[in-house]
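6 protein chains.
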Amino acid sequence: MKKKGIGKIALLLALTDVDVEKLQHFYESKNYVIFKGQAGSMDAKKIVAAIETAASREDIIRENYHEEHALYHAIIEALSGYCRGQVMLGEVLRTAGLTFTIVRGNLLEDDISSGNWIAVVLYGQIGSPRRGFEHEAVGMGIQPI
Amino acid sequence: MKKKGIGKIALLLALTDVDVEKLQHFYESKNYVIFKGQAGSMDAKKIVAAIETAASREDIIRENYHEEHALYHAIIEALSGYCRGQVMLGEVLRTAGLTFTIVRGNLLEDDISSGNWIAVVLYGQIGSPRRGFEHEAVGMGIQPI
Amino acid sequence: MKKKGIGKIALLLALTDVDVEKLQHFYESKNYVIFKGQAGSMDAKKIVAAIETAASREDIIRENYHEEHALYHAIIEALSGYCRGQVMLGEVLRTAGLTFTIVRGNLLEDDISSGNWIAVVLYGQIGSPRRGFEHEAVGMGIQPI
Amino acid sequence: MKKKGIGKIALLLALTDVDVEKLQHFYESKNYVIFKGQAGSMDAKKIVAAIETAASREDIIRENYHEEHALYHAIIEALSGYCRGQVMLGEVLRTAGLTFTIVRGNLLEDDISSGNWIAVVLYGQIGSPRRGFEHEAVGMGIQPI
Amino acid sequence: MKKKGIGKIALLLALTDVDVEKLQHFYESKNYVIFKGQAGSMDAKKIVAAIETAASREDIIRENYHEEHALYHAIIEALSGYCRGQVMLGEVLRTAGLTFTIVRGNLLEDDISSGNWIAVVLYGQIGSPRRGFEHEAVGMGIQPI
Amino acid sequence: MKKKGIGKIALLLALTDVDVEKLQHFYESKNYVIFKGQAGSMDAKKIVAAIETAASREDIIRENYHEEHALYHAIIEALSGYCRGQVMLGEVLRTAGLTFTIVRGNLLEDDISSGNWIAVVLYGQIGSPRRGFEHEAVGMGIQPI
Numbered sequence: 056m057k058k059k060g061i062g063k064i065a066l067l068l069a070l071t072d073v074d075v076e077k078l079q080h081f082y083e084s085k086n087y088v089i090f091k092g093q094a095g096s097m098d099a100k101k102i103v104a105a106i107e108t109a110a111s112r113e114d115i116i117r118e119n120y121h122e123e124h125a126l127y128h129a130i131i132e133a134l135s136g137y138c139r140g141q142v143m144l145g146e147v148l149r150t151a152g153l154t155f156t157i158v159r160g161n162l163l164e165d166d167i168s169s170g171n172w173i174a175v176v177l178y179g180q181i182g183s184p185r186r187g188f189e190h191e192a193v194g195m196g197i198q199p200i
Numbered sequence: 056m057k058k059k060g061i062g063k064i065a066l067l068l069a070l071t072d073v074d075v076e077k078l079q080h081f082y083e084s085k086n087y088v089i090f091k092g093q094a095g096s097m098d099a100k101k102i103v104a105a106i107e108t109a110a111s112r113e114d115i116i117r118e119n120y121h122e123e124h125a126l127y128h129a130i131i132e133a134l135s136g137y138c139r140g141q142v143m144l145g146e147v148l149r150t151a152g153l154t155f156t157i158v159r160g161n162l163l164e165d166d167i168s169s170g171n172w173i174a175v176v177l178y179g180q181i182g183s184p185r186r187g188f189e190h191e192a193v194g195m196g197i198q199p200i
Numbered sequence: 056m057k058k059k060g061i062g063k064i065a066l067l068l069a070l071t072d073v074d075v076e077k078l079q080h081f082y083e084s085k086n087y088v089i090f091k092g093q094a095g096s097m098d099a100k101k102i103v104a105a106i107e108t109a110a111s112r113e114d115i116i117r118e119n120y121h122e123e124h125a126l127y128h129a130i131i132e133a134l135s136g137y138c139r140g141q142v143m144l145g146e147v148l149r150t151a152g153l154t155f156t157i158v159r160g161n162l163l164e165d166d167i168s169s170g171n172w173i174a175v176v177l178y179g180q181i182g183s184p185r186r187g188f189e190h191e192a193v194g195m196g197i198q199p200i
Numbered sequence: 056m057k058k059k060g061i062g063k064i065a066l067l068l069a070l071t072d073v074d075v076e077k078l079q080h081f082y083e084s085k086n087y088v089i090f091k092g093q094a095g096s097m098d099a100k101k102i103v104a105a106i107e108t109a110a111s112r113e114d115i116i117r118e119n120y121h122e123e124h125a126l127y128h129a130i131i132e133a134l135s136g137y138c139r140g141q142v143m144l145g146e147v148l149r150t151a152g153l154t155f156t157i158v159r160g161n162l163l164e165d166d167i168s169s170g171n172w173i174a175v176v177l178y179g180q181i182g183s184p185r186r187g188f189e190h191e192a193v194g195m196g197i198q199p200i
Numbered sequence: 056m057k058k059k060g061i062g063k064i065a066l067l068l069a070l071t072d073v074d075v076e077k078l079q080h081f082y083e084s085k086n087y088v089i090f091k092g093q094a095g096s097m098d099a100k101k102i103v104a105a106i107e108t109a110a111s112r113e114d115i116i117r118e119n120y121h122e123e124h125a126l127y128h129a130i131i132e133a134l135s136g137y138c139r140g141q142v143m144l145g146e147v148l149r150t151a152g153l154t155f156t157i158v159r160g161n162l163l164e165d166d167i168s169s170g171n172w173i174a175v176v177l178y179g180q181i182g183s184p185r186r187g188f189e190h191e192a193v194g195m196g197i198q199p200i
Numbered sequence: 056m057k058k059k060g061i062g063k064i065a066l067l068l069a070l071t072d073v074d075v076e077k078l079q080h081f082y083e084s085k086n087y088v089i090f091k092g093q094a095g096s097m098d099a100k101k102i103v104a105a106i107e108t109a110a111s112r113e114d115i116i117r118e119n120y121h122e123e124h125a126l127y128h129a130i131i132e133a134l135s136g137y138c139r140g141q142v143m144l145g146e147v148l149r150t151a152g153l154t155f156t157i158v159r160g161n162l163l164e165d166d167i168s169s170g171n172w173i174a175v176v177l178y179g180q181i182g183s184p185r186r187g188f189e190h191e192a193v194g195m196g197i198q199p200i
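Top line first, the protein sequences correspond to chains A, B, C, D, E and F.
What the first sequence shows, in the numbering used here, is residues 56 to 200, in sequence order.
What the second sequence shows, in the numbering used here, is residues 56 to 200, in sequence order.
What the third sequence shows, in the numbering used here, is residues 56 to 200, in sequence order.
What the fourth sequence shows, in the numbering used here, is residues 56 to 200, in sequence order.
What the fifth sequence shows, in the numbering used here, is residues 56 to 200, in sequence order.
What the sixth sequence shows, in the numbering used here, is residues 56 to 200, in sequence order.
Extracted from the complex, chain A is given alone in its bound form (with noise of 0.2 Å):
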């Protein structure tokens, strides 16, 4: 079996429903550093700030902004992704409600040598403000930090 990489594991965290604690915990003994969290507005910046607020409280990244610069950058890039494009939600009229999976650790598994990184992965609902009018999304930023 492949080495994954932190991308794989913050994406099939943020997947998955069941047995997310083992998954969580079987990546945590080879020393990532994890948290999901949930976050829904159709303001982007709660969205930034749901992320940054659990990651500082977590203790996922360091309170200096060497560190808050790489955590920035891979939530900017994973709401690019998610909104396709344009990071636009309620200027636009639609609403977003979603997981989210900060992970931090090595960029592959089990690999030293491929230095330390953070990845943020969204997956969720995009849409109308308006109940079933709204489909799947997904977004990721990768950092090196």
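Since the hints were made in silico from the structure, they are not lab data.
Computed from a prediction, not measured in an experiment: that's the story for all the values here.
Treat the hints loosely; a few may be bogus.
Remember, identical chains collapse to one label, so a pair may be satisfied in a single copy or spanning two.
The calculated lysine-lysine pairs, modelled on DSSO-like cross-linking and capped at a C-alpha distance of 27 Å, are [claimed, not checked]: (1) 59 x 91; (2) 100 x 77; (3) 59 x 85; (4) 57 x 85; (5) 91 x 101.
With chain A held as given, fit chains B, C, D, E and F onto it using these hints.
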């Protein structure tokens, strides 16, 4: 267990290395039409062409403009997420090597009323045209068909 | 005389000040469903909402996500053309006052085989929120429905 | 009847198949300089070049950078509207076949105080490089000159 | 020593903390009209407004749409460079504090034949709304006037 | 006198024609690693390659993906500012001739706690591939390294 969306089906198939056929048959039994392939290029149009060709050859879409338009927009949205913004590869000296999945069927598993949709997922590596100087990326586009 | 496309019908209706009803009836007799309205705002989402509301009220689209999705994407493409790039109005201190047309029917006049499509055209003024400091803009989005 | 803007003049000329010369002469008598041509390519720069060449050859702009800059920006804005976002054709496996109009004169018909402007309109087809797999698009750029 | 362009004049004035007046007087003696100011906001439209207001108040542009349009496009291009892509600040939870310069005059120093242009430069900090979590950014827009 | 940021150092070096070596030695004595070069092309990827090659040859970055990724993103951000939006040159019939600077060191002069960053500045001309039909542009990207 919650009903899966067509996007999650396409994502899980793109991410899985084991039991792909089993997963594929399971969703085919629920009336999804599925294809998983590979593409790699510095040239985004070759990736578009590879996915369009596969979709035609595997009869995932009918040979009319209505359906080709839906597929094309799903591909471009997926590429836009994969590139996180501007759809550019070689133009900015980067390359992509990826697995793609095309899934056609109900927006929600076991829910005929959710209508007929097409999902395209891209998952793979993006980076400098130099071995090991690349990280993972993901993109997904979903369109009614 | 060449067959007109659905886009040209929507454009001519948006541009015409005289004989609008005559033109509208002519195309309605060819099974097009047509609406012409006005919207103005510094807030792009209000323009989206005005067009979506008109389309529902006038029964141009059915109340399902499949059709709402086609309409929404046609509106966003039209706005993207109108704004020439990023969909932003008040965020960059500009405002829009416009006429919109929604047309549903065959992609090509008198050609049933061309399938059922929806076109949204925006034509009006864009500029500084100050009388006379504005020029014309146009945008069109076309989607299969 | 309301005064027409330079954009509406350029749009109507691009859309009209009948009485083009009559319409053109009418606006030339109001001191507009007008050209209508055709361009088609998978290569956006060939469309830019076709319009720039026509504008020079027809003496719509003078051979200085001030005027060339205004024309260039009007073309790029028109292309951006035509492509609805990123200016890309062949790069994402699509092609354009279009009619363009260039109109130079007052921003508002019969209103010298509105100053001298240039409008570029593109109207035509965009789509897959395969006959019939294409729909209409429109784009317009307006700049002071 | 090579002739400076209007852009370099605007950039040097924005970057300089010492001898600003001396530099300003030197270029004013060469018929440049110059203003240097400050703006800071999470709201891009407030930065646009601050620069437009300064340009009017300091008589850098005349009160007509022709000139206001040139200024507006120079500002938006400068903001687009400052934001490196999408013009967004608070919408993605970041803020800007910057020095701006507006310079009007010949495109090239001492070269009347190069025509009359306007340059807008933004130089300052961009980042998280949290002291010290920010880095420098620059943007410049140049338009014929 | 205020501490300079790494961006201002890179900008001043890019803008200065006189005393470049003196300025460079001054900042090298403060532990900055600095390179100033030239690049010109209608092809954005050649500009990317020129900067990446210079950075490797001059040992500004180490040969690992972590550092190459930081440099690459700084280059793309600088190009995005230079192009004011979409990173495109020849694709839209324009060309760039520019001076670039790469500076590596503390985010703030004489402040080790501000960490290690890399700044890339592009300053030069952008325009039509025709002598004299071009104006200045600037772009800067800054990344933690």
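Problem set entry | Alpha-carbon proximity between residue 59 and residue 85, which holds within one copy, between copies, both or neither at 27 Å | within (12 Å within a copy, 29 Å between copies)
Exercise. For residue 59 vs residue 91, is the C-alpha pair at or below 27 Å within one copy, between two copies, both, or neither?
Worked result: Result: close both inside a copy and across copies, 18 Å intra and 19 Å inter.
Problem set entry | Intra- versus inter-subunit Cα pairing at 27 Å for residue 57 with residue 85 | within (15 Å within a copy, 30 Å between copies)
Problem set entry | Alpha-carbon proximity between residue 100 and residue 77, which holds within one copy, between copies, both or neither at 27 Å | Neither: 32 Å inside a copy, 41 Å across copies.
Problem set entry | Within, between, both or neither: residue 91, residue 101 at alpha-carbon 27 Å | Result: close within a single copy only, 16 Å intra versus 34 Å inter.
Consistency note: the structure conflicts with earlier hint 2 alone.
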